[in-house]
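Please model the complete structure; the sequences and the hints are all you need to start from.
Protein chains: 4
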Amino acid sequence: MIVNFKTYSEASGTKALALSKILEGVQRETGIQVIVAAQTSDLFPLSQHVEIPVYAQHVDPQPQGGHTGHIAPEAVKESGARGTLLNHSERRLELATLEECVRRTGVVGLTSVVCANNVATAAACAAFEPDIVAVEPPELIGTGRAVSKAKPEVVTDAVARIRDINKKVVILCGAGISEAHDASSALNLGAQGILVSSAVVKATDQRKVALDMAREMSRFT
Amino acid sequence: MIVNFKTYSEASGTKALALSKILEGVQRETGIQVIVAAQTSDLFPLSQHVEIPVYAQHVDPQPQGGHTGHIAPEAVKESGARGTLLNHSERRLELATLEECVRRTGVVGLTSVVCANNVATAAACAAFEPDIVAVEPPELIGTGRAVSKAKPEVVTDAVARIRDINKKVVILCGAGISEAHDASSALNLGAQGILVSSAVVKATDQRKVALDMAREMSRFT
Amino acid sequence: MIVNFKTYSEASGTKALALSKILEGVQRETGIQVIVAAQTSDLFPLSQHVEIPVYAQHVDPQPQGGHTGHIAPEAVKESGARGTLLNHSERRLELATLEECVRRTGVVGLTSVVCANNVATAAACAAFEPDIVAVEPPELIGTGRAVSKAKPEVVTDAVARIRDINKKVVILCGAGISEAHDASSALNLGAQGILVSSAVVKATDQRKVALDMAREMSRFT
Amino acid sequence: MIVNFKTYSEASGTKALALSKILEGVQRETGIQVIVAAQTSDLFPLSQHVEIPVYAQHVDPQPQGGHTGHIAPEAVKESGARGTLLNHSERRLELATLEECVRRTGVVGLTSVVCANNVATAAACAAFEPDIVAVEPPELIGTGRAVSKAKPEVVTDAVARIRDINKKVVILCGAGISEAHDASSALNLGAQGILVSSAVVKATDQRKVALDMAREMSRFT
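Chains as they are written, first to last, in our numbering: chain A, 1 to 221; chain B, 1 to 221; chain C, 1 to 221; chain D, 1 to 221.
Hints are not guaranteed to be accurate.
What the hints assert, rightly or not - Partner residues are not named here, just some residues of chain B that face chain A (Cβ under 10 angstroms, in silico):
1. S12
2. T40
3. D42
4. L43
5. P45
6. Q48
7. H70
8. E74
9. A75
10. V76
11. E78
12. R91
13. G142
14. S197
Said to hold, decoys possible - Derived list of chain D stretches under chain A, where covered just means 3 residues or more per stretch with a C-beta under 8 angstroms from a C-beta of chain A:
15. 84-92
16. 95-101
17. 117-124
No lab work stands behind these hints: they were computed from the structure.
It should be emphasised that the depicted structure is a prediction, and the values quoted were computed from it without experimental measurement.
Using N, Cα and C, we set each Cβ at its ideal position, and we do this for glycine too.
Following this line, the structure appears as C-alpha cells:
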C-alpha cells in the first residue's frame with residue numbers, strides 16, 4: 001500500500017511527518033507494508049524520523065552534474081528515500097526518458113514504481129522491467145469511484161497483459177480508491193497492492209481510513 | 001553572490017552541508033552576502049544547519065493539491081528555503097509559466113531570481129518584476145570564459161535594457177565566472193552581484209576560490 | 001483582423017479553402033486587412049488559391065536539418081505563408097525559445113504575431129520586438145465573453161505597458177470576441193486589430209459574422 | 001524503405017518534390033516499396049504529385065478543435081498523407097501521448113510508424129500494436145556507422161523482444177545506414193525494411209544511393 005502525498009498541504013512539511021507517523025502505526029498494527037510517496041523537500045526529514053519506506057514522486061534521468069533544477073536519483077537516494085514513483089499521470093515522462101529513469105533508479109538502488117494510465121501503457125511499462133507497475137486510469141483519480149469497482153476490466157486486463165510480458169513485476173492498482181472494500185476488491189482482481197492518495201490524505205480521520213484499508217487487505221492475504 | 005550547487009555530487013547531501021558551512025564562513029569574513037541554491041532534497045537539512053540563505057533551483061507554479069512530482073513554492077518555503085532560481089538555462093520555463101512562478105513566489109514569500117540567457121530575454125524577465133534578474137549566456141556556462149570578459153557588452157546592454165523597464169530589480173551576471181577578477185569586472189560593468197557554480201563547487205580548494213571572489217567584490221563596494 | 005483556424009474541422013482542408021475565399025471577399029468589401037492563421041498542412045494550398053495573407057499557427061526555432069517532426073520557419077515561408085502566430089495559449093513556448101523564434105522569423109521574412117496571456121507577459125513579449133503582439137486572456141477564449149467587454153482593463157493596461165517598452169509593435173486583442181461590437185470596443189480601448197477564431201469559424205453564416213466585424217472596424221478607422 | 005526528409009533544405013518545398021519523384025522512380029525500377037516522410041507543409045503538394053506513399057513525421061493526439069499550432073491526424077489524412085512517424089528521437093513523445101497517437105492514427109486511417117531508441121523501448125512500443133516499429137539508436141543517427149554493422153545485437157534483440165509481444169508488427173531498423181550493404185545486412189538480422197535519411201537526402205547523387213539500397217534489398221527478398 002503506497003500513499004501518495006502529492007503536493008497536498010495536508011501532507012506537506014510537519015503535516016507530512018505527522019501523517020507518516022500515523023501510517024507507520026498502521027503498518028505495525030496490520031502487518032501490511034505501507035509506503036509514503038512524499039514531496040522531494042520532505043524526503044530527508046521523513047526518512048530520518050519514520051521507519052516505513054519513504055519514496056519520491058518523480059526523478060529526472062540526468063546524471064549528477066550541470067543540471068540545475070533537476071531531481072537526481074542519487075540525491076533522492078542520499079536523502080534516505082528508498083524508491084520513487086515514475087510517470088504518474090500528473091507528471092508524465094517521455095517514453096525514452098521513462099525507460100532511462102527505470103534503468104537509472106535500478107543502478108542507484110531505488111525501487112521503481114512506474115504508473116500507467118491504461119492497459120496498453122501498463123503492458124508497455126512492464127517491458128522496462130521496473131520493480132512495480134501501478135495502473136491508474138486518470139479519469140478516476142480523486143473521484144471516489146474506485147477503479148476496482150468502476151472499471152474492473154482495466155485491472156484484470158492490465159494484470160493479464162503485464163503477466164504476458166513480465167512474470168515478476170509487482171502490480172498495484174489505484175485511482176478513486178476510497179473505501180476499505182475498494183482495496184480488497186483490487187486484490188481480488190489480481191492486483192498485489194494499491195496506490196491511494198486523497199482518500200487517506202484528505203480524510204478527517206486519516207488513521208481510520210488507512211487502518212480500515214490495511215485491515216481489509218490483511219484479511220485478504 | 002549566489003552559488004548554484006546544480007546536481008553536482010560535490011554539492012549534494014553531506015557535501016552540500018560542508019560546502020554551505022564553508023560559504024557561511026566566507027560571508028562572515030568578507031561581509032559579502034553569499035546564498036546557496038541547493039537541490040530540493042537538500043533544502044531542509046541545509047536550512048536547519050546554516051545561517052546564510054538557502055534557495056531552491058526551481059519551483060513549479062501549481063497550487064498545493066493533486067500535483068504528483070511537482071515542487072510547490074509552499075513546500076520550498078516550509079523547508080526553510082528563502083528564495084528560488086527560476087528559468088535557469090538548464091531548466092527553462094514557458095513564458096506564461098515563468099510569469100506565474102514569479103507571482104506565486106512573491107505571494108508565498110520567496111525571493112525570485114529569474115535567469116535570462118541573453119539581453120532580450122533579460123529585458124522581458126524584468127517586465128515580470130522579480131526580485132532579481134541573473135543574465136547568463138548558456139554558451140559560456142562551465143567554460144571558464146567569464147561573461148564579463150568574453151562578452152562584456154551582454155552585461156552592459158542587459159543592464160541598460162533592464163533599467164529601461166524596471167528600476168528596482170537587482171541585476172546579477174553569471175556564466176564562466178572562474179577567477180576573482182571576473183567577479184569585480186562584472187560589478188564594473190553594472191551588475192550588482194554574480195551567479196557562480198562549477199568554479200566554486202568543483203574547486204580543489206572551494207573556500208579559497210569563493211573567498212577570493214568575495215574579497216574582490218567587497219573591495220569593489 | 002486575424003482569423004485563427006485552430007484545428008477546427010470547419011476550417012481544415014477543403015473547408016479551410018472555402019472559408020479563406022469568404023474572408024478574401026470580406027477584405028475586398030470592407031478594406032479591412034484579413035489574415036488567416038491556418039494549419040501547417042493547409043499553408044501551401046491556401047497560399048496558392050487566395051490573395052489574403054496566410055499565416056502559420058506555430059513554428060519551431062530549429063534551423064533546417066536533422067529535426068524530424070519540427071516546423072522550420074523556412075519551410076513555412078517556402079509554402080507561401082507570410083507570417084506566423086507564436087506562443088498561443090494552446091501552444092505555449094519557453095521564454096528563450098520564443099525569443100529565438102521571433103528572431104528566426106525575422107531573418108526568414110515571416111511576420112511574427114506573439115500571443116500573450118496577460119498584461120505582464122504582453123509587456124515581456126514587446127521586449128522581443130516582434131511585428132505584432134496579441135493579448136488574449138485564455139480564460140475568455142471560446143466563451144463568447146469578449147475581453148474588450150469582460151476585462152477592458154486588460155486591453156488598456158496591456159497597451160500602456162507595451163507602449164512603455166516598444167513604440168512600434170502592432171497591438172491586437174482577442175479572446176471571446178463574438179459580436180461586431182466587440183471588435184470596435186477593442187479598437188476603442190487602444191488595440192489596432194483583433195484576433196478571432198470560433199466566432200467566425202463555427203458560425204452558421206461565417207461570412208455574415210466576419211463581414212459585420214470588419215464593417216464595424218472600418219467604421220472606426 | 002522509408003526516406004525521412006527531416007527538415008533538410010535538400011528535401012523541402014520544390015526540392016522535396018524533386019526527390020520524391022526520384023524515389024518514385026526507384027520504386028518502379030526495383031519493386032521495393034519506397035515511402036517518403038515529409039514536412040507537414042509539404043504533405044499536400046507531394047501527395048498531389050507522386051504515387052508513392054507520403055507520410056508525416058509527427059502528429060499530435062488532440063482531437064480537431066481548439067488546439068492552435070497542433071498537427072491533427074485528421075488534417076494530415078486530409079492532406080493526402082497515408083501514415084506518420086511517431087516518437088522519432090528528434091521528436092519524442094510522452095508514453096501516454098504516444099499510445100494515444102497510435103490509437104488515433106488507427107481510427108483516422110493513417111499507418112503508424114513508431115520509432116524506438118533501443119531494445120527496451122522497441123518492446124514497449126510493440127505493446128501499442130502500431131503498424132510498424134522502427135528501431136533507431138540515436139547515437140548512430142547521421143554518423144554513417146550503420147546500426148546493422150555497429151550494433152547488430154540491437155537489431156536481433158529488438159526483433160526477438162518485439163516478436164515475443166507482437167507477432168504482426170512490421171519491424172524496420174535505421175540509424176547510420178549509408179551504403180547498400182547496410183540495407184541488406186539489416187534484413188539479414190531480421191528487420192523487414194529500413195528507415196534512412198541523410199544518406200539519401202544529402203547525397204550528391206540521391207538517385208544512385210537510393211537505387212543501390214533498393215536493389216540490394218530486392219536481391220534479398
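We went through each hint and held it up to the structure:
The beta carbon of S12/B comes within 5 angstroms of a beta carbon in chain A, closer than 10 angstroms, and the hint placing it at the interface holds. With 10 angstroms as the threshold, the beta carbon of T40/B comes within range of chain A, its nearest partner Cβ sitting at about 4 angstroms, so the hint holds. The beta carbon of D42/B is positioned within 10 angstroms of a beta carbon in chain A (closest approach about 7 angstroms), and the interface hint is therefore held. A hinted interface residue such as L43/B counts as satisfied when its beta carbon comes closer than 10 angstroms to some beta carbon of chain A; here the least separation is about 5 angstroms, so the hint holds.
For P45/B, the interface hint holds, the least distance from its beta-carbon to any beta-carbon of chain A being 5 angstroms, beneath 10 angstroms. This hint holds: Q48/B has a C-beta 9 angstroms from the nearest C-beta of chain A, less than the 10 angstroms allowed. A distance limit of 10 angstroms between C-beta atoms decides the matter here; for H70/B the minimum to chain A is near 6 angstroms, and the interface restraint holds. The interface hint given for E74/B is met, as the beta carbon of that residue sits about 7 angstroms from the closest beta carbon of chain A, less than 10 angstroms.
At a threshold of 10 angstroms, the smallest CB-CB gap from A75/B to chain A is about 5 angstroms, leaving the interface hint in force. Annotation: V76/B was flagged as interfacial toward chain A, and the flag holds, the nearest CB pair being 6 angstroms apart, inside 10 angstroms. For E78/B, the suggested interface contact is upheld, since its CB lies about 4 angstroms from the closest CB of chain A, less than 10 angstroms. Evaluation of the R91/B hint against chain A yields a held restraint, the C-beta minimum of about 3 angstroms falling below 10 angstroms.
Taking 10 angstroms as the C-beta cut-off, the interface hint given for G142/B holds, the closest approach to chain A being about 6 angstroms. The beta carbon of S197/B comes within 7 angstroms of a beta carbon in chain A, closer than 10 angstroms, and the hint placing it at the interface holds. A count of 3 residues in the segment 84-92 of chain D with a Cβ less than 8 angstroms from any Cβ of chain A is obtained; the coverage claim is therefore met, three being the minimum. Coverage of the segment 95-101 of chain D by chain A holds [criterion: at least 3 residues with CB-CB distance below 8 angstroms; count 5].
Against chain A, the segment 117-124 of chain D contributes 6 residues with a C-beta closer than 8 angstroms to a partner C-beta. That satisfies the three-residue criterion, and the hint holds.
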